[in-house]
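Residue numbers (our numbering), protein chains in the order written: chain A, 1 to 328; chain G, 329 to 639; chain E, 640 to 995.
Just so you know, these hints were derived from the structure itself, not from any lab. Because the structure is a prediction, the values reported are computed rather than measured. Treat each hint with caution, since some may be false.
Okay, derived cross-link-like pairs now, SDA-like style, lysine to any residue, Cα gap no bigger than 20 Å in a straight line [stated by the list, open to error]: (1) LYS252(A) with PRO923(E); (2) LYS88(A) with PHE541(G); (3) LYS268(A) with LYS906(E); (4) LYS906(E) with LYS88(A).
Label pairs and their computed distance ranges (CB to CB) [unchecked claim]: (5) THR360(G) with ASN783(E): 35 to 45 Å; (6) GLU85(A) with THR540(G): 47 to 57 Å; (7) LEU618(G) with GLU700(E): 48 to 58 Å; (8) LYS37(A) with ASP907(E): 41 to 51 Å; (9) LYS37(A) with THR360(G): 42 to 52 Å; (10) ASN296(A) with TYR479(G): 38 to 48 Å.
Beta carbons are placed, not taken as given, at the ideal position from N, Cα and C, and that holds for glycine.
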Amino acid sequence: MRNNVDQKVMLELDDVSQYFQLSRHKILKAVDHVSFKIHEGETVGLVGESGCGKTTTGRSILKLYTPNTGNIYFKGKDVFSFNSEEEKRYRKEAQMIFQNPHASLNPRMTVREIVGTGMKIHDLVKPKEMDAKVEALLRQVGLNKDHMSRFPHEFSGGQKQRIGIARALSVDPDFIVCDEPISALDVSIQAQVLNMLKDLQDTRGLTYLFIAHDLSVVKYISDRIIVMYLGTIVEEATAEELYRNPQHPYTKVLLSSIPVADPKQARKKERLVVKGEVTSPINPPDSCRFAGRCPNAEKRCFEEMPSLCDVSPEHRVACFMIEQYFRP
Amino acid sequence: MNINDKKITPELFRHVGKDIEEMESISRPSITFWKEGWLRIRTDKAAFLALIILTLYVLLAIFAPMLSRYAFDQQDAYAMRQSFSADHWFGTDSLGRDLWVRIWVGARVSLSIGFIAALINSVIGTVLGGFSGYIGGKFDMILMRIIDVIYGIPSMIVNILVMVVLGPGMESLIVAMVITGWAGTCRFSRGEVYRLKEQEFVLAARVLGQSTFMIIVREIIPNIMGLLVTNLTMAIPSAIFREAFLSYIGLGISPPDASWGVLAKEGTALMQVAPHLLYVPAFFIATTVLAFNQLGNGLRDALDPRLRGTD
Amino acid sequence: MPEVVLEVNNLEFSFRTYGGVVKAVRDVSFEVRQGEILGIVGESGCGKSVTVQSILRLNPEPPGFFAGGSIIYKGQDIVKKSEREMRSIRGIEIGFIFQDPMTSLNPTMRVGKQIEEVFVGRKAVSSSEAKKKALDILELVGINEPEKRYRQYPHELSGGMKQRIMIAIALVGHPGIIIADEPTTSLDVTIEAQILEILKDLQQKFMTSIILITHDLGVIAKMCDRVLVMYGGKIIEEGDVDDIFYNTAHPYTSGLIQSIATLDTNKDEELIPIEGTPPDLFSPPPGCPFAARCEYAMEICKSIMPESTSVTGKQHYSACWLLHEYAPEVELVSVKSAEDNKTLESSSDEKAGGNV
């Protein structure tokens, strides 16, 4: 396990909110006052159900949206006050791998153009050396020269996702937001892509923000995990700690809901099944977002918003039921 | 299949393991978007027939007047209002001019006005619509209001006014049609761009630092080309029709220059004595419009992105 | 052994495309027994969806067509039925639940009416009876305030609620078989757990047979009695759920088991992926479809498709040459149940305790 304390901070989100005004009285609070840090060389998993704001968080980091509150710092600098030169460098240093391999590659471009675009934008290779560089990148993701002049629709989902990875790697980034990179892939292919991401991290010293809804995958790949629910962070801990010692009722439910590939255990296991559905992030209440589904909610949970507090070093939880025990 | 029929020997059970090359190989032949569209068009009988007819008309428009021994404005007082014959395939008009030659000279005017007007409409509409949809904001709002105004005024009135101001002729016809025509393409391509700009491949280009202009040119426009070609094909017949109408009421092309509208107008005057002078140009206007519409329908089916890459 | 309710024999289903014929389902045979949940697991393009959709004749024909085989339900061959005859089978004799509840409900029709729709054209049920049945079934699938929901439109409901409505529609006619094609794939995990719970409860209550299609081995482990594993348009392994997980007999199934990350997988452990991609069914290989990706592949695997062979004399079959007498002995990795470990641990603890 890496020791994160003395490592440099790569990315910091400070009180970031991202709202979308749907109509005059409807505000979708996709991300609501979220703060966290990512250290150099580590993988942070961001997990939650649909509508929890995890994808929006990832996109805000890459400036695809402009946050309503808060700041995002990359290597100590505010990404929203970059000058054009810093902006260009940020586009080279921070990259993204997308969720849907079928929508993330331009259907009219050949693989050569898709992978080569980034290098052309940032003048990383001479035009003559382009083909060789593209081929080398394709090799790294397990494809070959014959694939260069083909179009995306000729590839399988896993191959497309690997092309997407090659595109992100083409500009030699330090930090990659992986937005559910394997959720659209088949089971046997998921492991290929996961292993590839891990190997690339080791060889290139990459830092990842790994977004997913599948806690077992996130647990496998991450050093630290952040659990989101309806735009807010409910728990944050190292992967092992979160799995062994979950504190927030939502995390417990999430862990218990995962179907295990073990029939005997499945027959025996008693699940925590929560009532109700994820409520809408449109005009959410200013109280604990999970209160309506929580088995141990009290009056206070419906009135105030719990803030994140430390239960141990590197383990933060936003729940009143925890907080009272750990107040100094 | 019964395995006992085949000889099974222990040698066949030699371990060979995985086959890396075969695993990543793609067995389907590589096929581009336009090639597949062509394959689809070829199986669509109506659209393919339309394509043949239109190609034939274009070739005849180019070559028929050159190969004929008559000039399109050559009068012949001894052969007026003749019906179909070996000398004059489509007969002659009231001044003894050969109708076969005049039809194909007219086709040059009618078809090129149709093509050019529709093409200029598409280019202006796509570029404006593309930027408007991608950038949004004030530019988008103002442009949409302008389009609303254009839609609010009957386009025929605008066409007639422009023709009255600029006077008859091919150029003024094109100007008149472009003024009213670009709005439709613009609104259409704006909608398509709106749909595309949130697609992940466009986001990927933004993350790579691609400029807005290059995103529109390289990522977005190639993906709406299929729909634009379809749209263009559908816009040509309405431009031909409008040219015919304006010429028919005397505001388009003026004689002795010929266009199908002019010929139809001349034919109407003599409908009772020489009906073929009306029927022949009317036939060509009708078949051309019909063929373009059929081809447009076929193209829409053939190039529809929703039908592709889903299996 | 319970009675067989559906029998699929040597089914072949193909699609004509511009590139040629795609053989989506190749020589597939299986049976569904009374009151069981039969799971079909496989990756996209393995033919699992096409197989079950052909039971309801829901594949577009053309371009799809039956290239051979039969599907026997109640003594009649579904392959030979007309579209008109199929209408009285779909929803009434054989119910279905699709992956995406958003697109399989009619957005312009009230939820209650969509449930009652099943009874339209059946004389035996009056409209007041139909309404009563609809309300009853809504309550059974765990929907609060059924009277209110009955009058709502699909867009007013959440994803999980819509999937409950789909289950209600599938169950209301008391069909003999329900086909559930990835019923929880588009749902969040907490909702998935709820839906699976309901599906299993109701299946036991009505003693319906369910054909459950999924790519998730966890869902299979939780829900199914028997399992078919499909790959490249063929069934490659078939057996009781415990046999499939604990006595895995096909390298592909074994590979699937090894490639999934579970909560117990540590970060420093490597997952063992199945390298490569599934074969293109546009030109399927003559031998075993998995041969190119199989680490145990032998010469024979590339040229001749192995027959389905009984593994332990039980109802556990695998189509693999490794079961042949000439083949080398190979130990395939299967699931080690956490339950077995627990009993081992506790027994060793007791021993240790006794020694002190």
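Outcome of the hint check:
Taking the CA atoms of LYS252(A) and PRO923(E), the gap is near 45 Å; set against the 20 Å cutoff, the hint is violated. Straight-line distance between C-alpha atoms of LYS88(A) and PHE541(G) comes to about 16 Å, which keeps the hinted pair within the 20 Å bound. Between LYS268(A) and LYS906(E) the CA atoms are separated by roughly 27 Å; this puts the pair beyond 20 Å, and the hint is violated. Simply put, LYS906(E) and LYS88(A) have alpha-carbon atoms about 34 Å apart, too far for the 20 Å limit, and the pair is violated.
Between THR360(G) and ASN783(E) the C-beta distance comes to about 54 Å, which lies outside the given range of 35 to 45 Å. At roughly 18 Å, the beta-carbon separation of GLU85(A) and THR540(G) lies outside the given 47 to 57 Å, and the hint is violated. At about 32 Å, the beta-carbon gap between LEU618(G) and GLU700(E) misses the expected band of 48 to 58 Å. LYS37(A) and ASP907(E) have their C-beta atoms about 24 Å apart, which leaves the hinted 41 to 51 Å range violated.
Range check, LYS37(A) to THR360(G): Cβ separation about 47 Å, and the 42 to 52 Å hint holds. The hint said 38 to 48 Å for the Cβ distance between ASN296(A) and TYR479(G), and at roughly 60 Å that hint is violated.
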